[in-house]
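Student: Chains A and B are the protein sequences, given in the same order.
Counting the first sequence from 1 gives a position; this note's numbering is that position plus 340.
Counting the second sequence from 1 gives a position; this note's numbering is that position plus 340.
If you're looking for bench data, these hints aren't it; they were derived computationally from the structure.
Don't take every hint at face value.
The list treats identical chains as interchangeable, and a pair is accepted whether it falls inside one copy or across any two copies.
The calculated DSSO-like cross-link candidates involving lysine-lysine, where the alpha carbons are at most 30 Å apart (straight line), are [to be verified]:
hint : residue 1 : residue 2
1    : Lys-443   : Lys-410
2    : Lys-357   : Lys-372
3    : Lys-357   : Lys-390
4    : Lys-372   : Lys-390
5    : Lys-352   : Lys-410
2 protein chains.
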Amino acid sequence: MKQVIVVREDLKLGKGKMAAHVAHASLAAYQKVNRSHPEVVEEWESWGEKKVVVGIRGESAIIELYERVKREIPCELIRDAGLTQIEPGTITALGIGPWNDEKIDKFTGHLKLL
Amino acid sequence: MKQVIVVREDLKLGKGKMAAHVAHASLAAYQKVNRSHPEVVEEWESWGEKKVVVGIRGESAIIELYERVKREIPCELIRDAGLTQIEPGTITALGIGPWNDEKIDKFTGHLKLL
Numbered sequence: 341m342k343q344v345i346v347v348r349e350d351l352k353l354g355k356g357k358m359a360a361h362v363a364h365a366s367l368a369a370y371q372k373v374n375r376s377h378p379e380v381v382e383e384w385e386s387w388g389e390k391k392v393v394v395g396i397r398g399e400s401a402i403i404e405l406y407e408r409v410k411r412e413i414p415c416e417l418i419r420d421a422g423l424t425q426i427e428p429g430t431i432t433a434l435g436i437g438p439w440n441d442e443k444i445d446k447f448t449g450h451l452k453l454l
Numbered sequence: 341m342k343q344v345i346v347v348r349e350d351l352k353l354g355k356g357k358m359a360a361h362v363a364h365a366s367l368a369a370y371q372k373v374n375r376s377h378p379e380v381v382e383e384w385e386s387w388g389e390k391k392v393v394v395g396i397r398g399e400s401a402i403i404e405l406y407e408r409v410k411r412e413i414p415c416e417l418i419r420d421a422g423l424t425q426i427e428p429g430t431i432t433a434l435g436i437g438p439w440n441d442e443k444i445d446k447f448t449g450h451l452k453l454l
């Protein structure tokens, strides 16, 4: 079990801003899985809540990934409120799972660890 | 209402690793508040789940901050499993709240936004 957070590298977010968006995506995906599959969350928690952060380039790439992943794994796309650094509504991150490692890797295994 | 995540700057974590620790701290503090004060979490969620990431230098500084904050606000200290980059058990981050803005600022207002 792991959670993967995909974050846009091309936005050149500062470290803190990027971390905040990763945390948004992590919490939103966690809440979604917790509603539909609480037993998955429980197992993930018992193994130390593994989280992996990977990068992606481009809004179309992250939307396309989201459209494919959401058919099989609970996930959440995050948009920025746009108060600082970037345009309002910009998609910044995608939180996937927690879910089975191999099933997530099918979609994100090719993406670069950040 | 906001959540503040304090992360150690002196560890020189990579962007992705730092983001993962911020996400750990965010989720752990969220779960703690959700158990003891679900109405606070609900209000925070209704206002867009504001999260702020700030930096601190040194393990003793983050422990000392935790000892002071925990008397008044639900918070969680995060240790690294130590599989990569840093020593096992290293304290990396502190998640505080969500809680009242002013009450958190009393403890973290002097820390630098990341």
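Student: Now tell me if each hint is right for this structure.
Tutor: Okay, the hints, checked on the actual structure:
{"no.": "1", "hint": "Lys-443 - Lys-410", "in the structure": "within (12 Å within a copy, 39 Å between copies)"}
{"no.": "2", "hint": "Lys-357 - Lys-372", "in the structure": "both (23 Å within a copy, 23 Å between copies)"}
{"no.": "3", "hint": "Lys-357 - Lys-390", "in the structure": "both (21 Å within a copy, 12 Å between copies)"}
{"no.": "4", "hint": "Lys-372 - Lys-390", "in the structure": "both (17 Å within a copy, 18 Å between copies)"}
{"no.": "5", "hint": "Lys-352 - Lys-410", "in the structure": "within (26 Å within a copy, 34 Å between copies)"}
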